[in-house]
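2 protein chains.
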Amino acid sequence: MKYYAGIDLGGTFIKCGIVDEKGNILVKDQIPTGKDRPYEEIAADMAALVRRLAESAGIEESDLRAAGIGSPGTVNSKKGVIIYANNLQWKNVPLGGAVAEALGVPVFVTNDANAAALGESFAGAAKGYESSIFVTLGTGVGGGIILDGKLFEGNRSAGAEIGHMVIRAGGEKCTCGRRGCFEAYASATALIRQTKEAMKKNPGSALWKVCPDIEQVNGKTPFDALQTGDKTAERVIKKYVTWLAEGLANLANVFRPNAIVLGGGVCAAGDALLEPLRRKMNRLLYGGTKYAPVPIVIASLGNDAGLVGAAHFAQQSAG
Amino acid sequence: MKYYAGIDLGGTFIKCGIVDEKGNILVKDQIPTGKDRPYEEIAADMAALVRRLAESAGIEESDLRAAGIGSPGTVNSKKGVIIYANNLQWKNVPLGGAVAEALGVPVFVTNDANAAALGESFAGAAKGYESSIFVTLGTGVGGGIILDGKLFEGNRSAGAEIGHMVIRAGGEKCTCGRRGCFEAYASATALIRQTKEAMKKNPGSALWKVCPDIEQVNGKTPFDALQTGDKTAERVIKKYVTWLAEGLANLANVFRPNAIVLGGGVCAAGDALLEPLRRKMNRLLYGGTKYAPVPIVIASLGNDAGLVGAAHFAQQSAG
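Those sequence lines, one after another, are chains R and U.
Once you know that position 290 of the first sequence is 290 in our numbering, the rest is easy, because the numbers rise by one and skip nothing.
Once you know that position 21 of the second sequence is 21 in our numbering, the rest is easy, because the numbers rise by one and skip nothing.
Extracted from the complex, chain R is given alone in its bound form (with noise of 0.2 Å):
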């Protein structure tokens, strides 16, 4: 049996996970990440984190063939390096390098965002499609691109940016300076917007209610406010679907997967979101449905699709 450690680099937190070929975590646990410290100690960390969970789940340490990184950031996969992580305050790190020396197998490097998408694809609520997009709906959009169960980066790693795709140009500022951005418009951040701005103009509606303090609303609020009938609730969630089935539409008729899989903290809503965003997305697509249809799935590996998917890249990558 060949195993494969899965590492999800976070600001906070480095997870872990050894891996069978399958998708199985055997085991998993999580270290602080200590982002300030000099990255050498981070990638000691992280073998030393490897090793002891191959050792607690009794794997032969010639069993343990590669491991893989999902990184926040710009990452280029071909080198293991990381080309600009904002939240970590890095350029041009070769952590790559760094934890394959330490650990002494191979080590390959993706973008946290495909990690979880590569998860998801193999693992996860994409497993059996041959092509998926993953769209994760949190302060921003990030996704991941499959075709034929792989990840597509693009050139240097720096393709796949789904959320700096405008679908309003000269519409919302974003934040990476382009206005119109899908981020700008279907991102939960960008629904919180949406939700203030409704309650400001609506003093009498029930988002008051459920959330009293405008400063606390949060993705749920607008969909707990739907659920007591309110109008105002309704609109600000019909317009946002709107603007979400207006980008997936757009991935849907430029890449036409197999299945979009949508993940982030807004698909708590489940249906509420998910019934009315299919059918105006399905309004949308090229040539309509019947040919090539193209179904969305909501993410179901969760905090695991990092790890899963990067132990699955290194698992694709060292063969």
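There could be a bad hint or two in this list.
One copy or two, either will do: identical chains are not told apart, so a pair holds if it fits within one copy or between any two.
Claimed, not checked - Calculated pairs, EDC-like style, for lysine to aspartate or glutamate (alpha carbon to alpha carbon, straight line, at most 16 Å):
hint: 1; residue 1: Lys2; residue 2: Glu55
hint: 2; residue 1: Lys79; residue 2: Glu153
hint: 3; residue 1: Lys231; residue 2: Glu197
hint: 4; residue 1: Lys200; residue 2: Asp213
hint: 5; residue 1: Lys200; residue 2: Glu21
hint: 6; residue 1: Lys290; residue 2: Glu197
hint: 7; residue 1: Lys78; residue 2: Asp148
hint: 8; residue 1: Lys78; residue 2: Glu130
hint: 9; residue 1: Lys127; residue 2: Glu21
hint: 10; residue 1: Lys78; residue 2: Asp224
hint: 11; residue 1: Lys239; residue 2: Glu215
hint: 12; residue 1: Lys91; residue 2: Asp36
Since the hints were derived computationally from the structure, they do not count as laboratory data.
Chain U: place on chain R using the hints.
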């Protein structure tokens, strides 16, 4: 030596060439399509044309390894079936099989824009670039996506509909029924519409001198007027270039290709189009232009792109 037939099927003509392994055309010719005939007759004509050309080029029968066809419409390239082609009034036509039977070599079919994209990638303006996106600015906005030297078509070849990615949701009506598609802003048709609108609003513009009959406006008109220093033409082009840049930047951010190839009549404008376009698109590239730049180049094979690409598609598919 191995040779391949490349066939470019159009509503008016069937163009065909015998192409070597390097993408050089040995001989080429065209015959009328006669599109209202049964497809079996058209297939027989194609096979006869290929045989005649192969003979005139002095190719041994055994050296002609396969034929490729670029067809309008939606094509299931795995099956060689034209699913739907509006201008031929075809539905589910098994063209590949029919030509293969008549010709006695394997025949592979893809969409005509895809074939042109592959031609430009293999032997034209994108030669040497691993991945490229071909964008034609014509009646619509068509295109093809080349990843690692191969066509990317999406599930059942239904992807790569780059003209039907919205860049301004809720905006201009597109022929596909959606509002705000790239095609509705960046096709030659859109440029003509934008030019006419500007002429109606500006009776003193030199656009009227360049083209006194507004019904005769074409994609060249605004560029001709620009040369006389006309401010209205300048504004029309500036706006058009802005839309075009938004769509190309979307493709660049999502695919991060090694190059974008522009084709279609509008490109005749040359630097008057390209210079501002490059400048604007570069400003919209996620992460800037230093790490993974996306050069924009002009298609170089002209009308031969389709048949060179169809032949190369056969070469890749048959080996």
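Tested hints:
1. Lys2 to Glu55: within (14 Å within a copy, 56 Å between copies)
2. Lys79 to Glu153: Within one copy, since 13 Å is at most 16 Å while 28 Å is not.
3. Lys231 to Glu197: Within one copy only: 14 Å inside a chain, 40 Å across chains, cut-off 16 Å.
4. Lys200 to Asp213: The answer is within: 12 Å in one copy meets 16 Å, while 52 Å across copies does not.
5. Lys200 to Glu21: Neither: 52 Å inside a copy, 66 Å across copies.
6. Lys290 to Glu197: Result: close neither inside a copy nor across copies, 38 Å intra and 38 Å inter.
7. Lys78 to Asp148: between (19 Å within a copy, 15 Å between copies)
8. Lys78 to Glu130: between (23 Å within a copy, 15 Å between copies)
9. Lys127 to Glu21: The answer is within: 14 Å in one copy meets 16 Å, while 39 Å across copies does not.
10. Lys78 to Asp224: Answer is neither; intra-copy 45 Å and inter-copy 47 Å both fail.
11. Lys239 to Glu215: Answer is neither; intra-copy 21 Å and inter-copy 39 Å both fail.
12. Lys91 to Asp36: For Lys91 and Asp36, the Cα distance is within 16 Å only inside one copy (13 Å; across copies 62 Å).
Hint violations for this structure: numbers 5, 6, 10 and 11, all remaining hints satisfied.
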